[in-house]
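The listed protein sequences correspond, in order, to chains V and A.
Position 140, counted from 1, in the first sequence is what the working numbering calls 190; the numbers after and before it change by one each time, with no gaps.
Position 70, counted from 1, in the second sequence is what the working numbering calls 174; the numbers after and before it change by one each time, with no gaps.
Worth flagging that the hints you see were computed from the coordinates, not collected in a lab.
Please note that the accuracy of each hint is not assured.
[To be verified] Here are some of the chain A residues that sit facing chain V, going by a computed Cβ distance under 7 Å:
#1 Leu122
#2 Ser126
#3 Ile127
#4 Val130
#5 Leu142
#6 Val145
#7 Thr146
#8 Ala194
#9 Leu195
#10 Leu198
C-beta: ideal position from N, C-alpha, C; glycine also.
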Amino acid sequence: MTQHHRQHFETLQEIRSIMERSSRFISLSGLSGVSAGIFALIGAGFASAYLGRWPFGQDDYYPFKLQELHRWGLTAWQFFLIDALVVFIGALGSAVFFTTRKAKLKGQKIWDPLVQRLLINLAIPLTSGFIFILGLIYHGLVGLVAPAALIFYGLALVHASKYTLNDIRYLGAAEIVLGLIATFFIGYGLLCWALGFGILHIGYGWYMYLKYERPASN
Amino acid sequence: MKDIIADLNKAFDHRVRLGIMSILLVNDWMEFNGFKTLLEVTDGNLASHIKALEKEAYIEVKKQFVGKKPNTTYRVTELGKKAFAAHLDALEKLLNIRP
Numbered sequence: 051m052t053q054h055h056r057q058h059f060e061t062l063q064e065i066r067s068i069m070e071r072s073s074r075f076i077s078l079s080g081l082s083g084v085s086a087g088i089f090a091l092i093g094a095g096f097a098s099a100y101l102g103r104w105p106f107g108q109d110d111y112y113p114f115k116l117q118e119l120h121r122w123g124l125t126a127w128q129f130f131l132i133d134a135l136v137v138f139i140g141a142l143g144s145a146v147f148f149t150t151r152k153a154k155l156k157g158q159k160i161w162d163p164l165v166q167r168l169l170i171n172l173a174i175p176l177t178s179g180f181i182f183i184l185g186l187i188y189h190g191l192v193g194l195v196a197p198a199a200l201i202f203y204g205l206a207l208v209h210a211s212k213y214t215l216n217d218i219r220y221l222g223a224a225e226i227v228l229g230l231i232a233t234f235f236i237g238y239g240l241l242c243w244a245l246g247f248g249i250l251h252i253g254y255g256w257y258m259y260l261k262y263e264r265p266a267s268n
Numbered sequence: 105m106k107d108i109i110a111d112l113n114k115a116f117d118h119r120v121r122l123g124i125m126s127i128l129l130v131n132d133w134m135e136f137n138g139f140k141t142l143l144e145v146t147d148g149n150l151a152s153h154i155k156a157l158e159k160e161a162y163i164e165v166k167k168q169f170v171g172k173k174p175n176t177t178y179r180v181t182e183l184g185k186k187a188f189a190a191h192l193d194a195l196e197k198l199l200n201i202r203p
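Please put together the full structure from these sequences, using the hints given.
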């Protein structure tokens with residue numbers, strides 16, 4: 051009788067596991083969040099140094115000073131283009147690295163329909179956000195770039211949480227809240243950006259790493 | 105006790121069939137190769153279990169062409185959903201009986 055019990059219990063557990071595995075991409079690594087956050091903080095640090103301002107102070111007019119800035123032999127546009135590219139490539143590269151590693155450790159496929167579905171659903175809001183931000187820059191509304199980045203990224207995470215670990219839904223919600231705050235307090239844009247893409251990524255990534263990946267030591 | 109065991113559906117009395125049904129309950133559709141990678145079974149084994157579920161009208165097949173390649177996808181029928189839910193209920197009830 052107990053043996054039957056165990057057998058039925060295992061059957062139910064396997065059903066649950068198959069449903070999970072077949073509908074969500076679960077190899078997303080928390081460490082990729084941590085490393086993306088570190089790249090974001092470094093990028094924000096350089097931006098803060100370039101702007102020549104203490105990151106925690108409020109300066110509502112900094113977006114208007116960008117035209118005149120020329121530091122380290124770079125105009126503001128050149129600097130921010132390089133800064134953004136380095137952060138983006140670093141964050142994306144490390145995310146791919148840690149997630150591939152986790153998939154290999156667990157013997158899961160890295161390129162399957164689940165990953166494709168996740169990426170497509172991330173890409174739709176992110177690409178829209180990217181083009182929207184280009185529009186903001188085109189119109190000279192650079193103060194809204196950081197809030198827009200946070201809001202679109204948050205919406206992308208909330209949307210994509212249906213296709214991967216559900217935890218990123220709350221991370222997305224937090225990014226949206228930060229973005230909305232930054233919309234009204236433009237002077238805190240860079241600080242909110244550093245909090246959202248840096249601190250939140252690191253904290254949340256570490257939490258997810260402890261929850262799903264750390265080798266069970268106890 | 106005997107009644108509950110009778111509620112267990114014979115059509116689902118196999119790991120692969122349980123797997124196929126589980127996958128189709130959370131995915132609108134699934135390709136043949138998708139089942140293969142998720143359940144780690146051979147073509148022949150998978151095909152025979154799919155056929156059995158199809159015969160019960162628990163799943164249905166959609167054949168179409170993607171470009172020039174034939175593409176076969178499967179989805180669960182209303183009947184299949186009900187039957188699988190009943191099977192899971194029976195399993196749960198069996199678990200709740202104290203040995």
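Against the structure, the hints:
1. Proximity of Leu122 of chain A to chain V holds as hinted, the smallest CB-CB distance being about 6 Å (cut-off 7 Å).
2. Residue-level restraint check for Ser126 of chain A holds (minimum Cβ-Cβ distance to chain V is 4 Å; threshold 7 Å).
3. Interface hint at Ile127 of chain A: satisfied, since its Cβ lies 4 Å from the closest Cβ of chain V, which is below the 7 Å cut-off.
4. Given the 7 Å rule on beta carbons, the hint for Val130 of chain A holds: about 4 Å separates it from the nearest Cβ of chain V.
5. The closest approach between the C-beta of Leu142 of chain A and any C-beta of chain V is roughly 5 Å, which is under the 7 Å cut-off, so the hint is satisfied.
6. For Val145 of chain A, the interface hint is violated, since its Cβ never comes within 7 Å of a Cβ in chain V; the closest pair sits about 12 Å apart.
7. At about 18 Å, the closest approach between the beta carbon of Thr146 of chain A and any beta carbon in chain V exceeds 7 Å, and the interface hint on this residue is violated.
8. For Ala194 of chain A, the shortest C-beta to C-beta distance to chain V is roughly 9 Å, which exceeds 7 Å, and the interface hint is violated.
9. Checking Leu195 of chain A against chain V by beta carbon gives a least distance of about 5 Å; that is within 7 Å, so the hint holds.
10. Checking Leu198 of chain A against chain V: minimum C-beta separation of about 5 Å stays under 7 Å; hint holds.
Checked against the numbered hints above, the structure violates hints 6, 7, 8; every other hint is satisfied.
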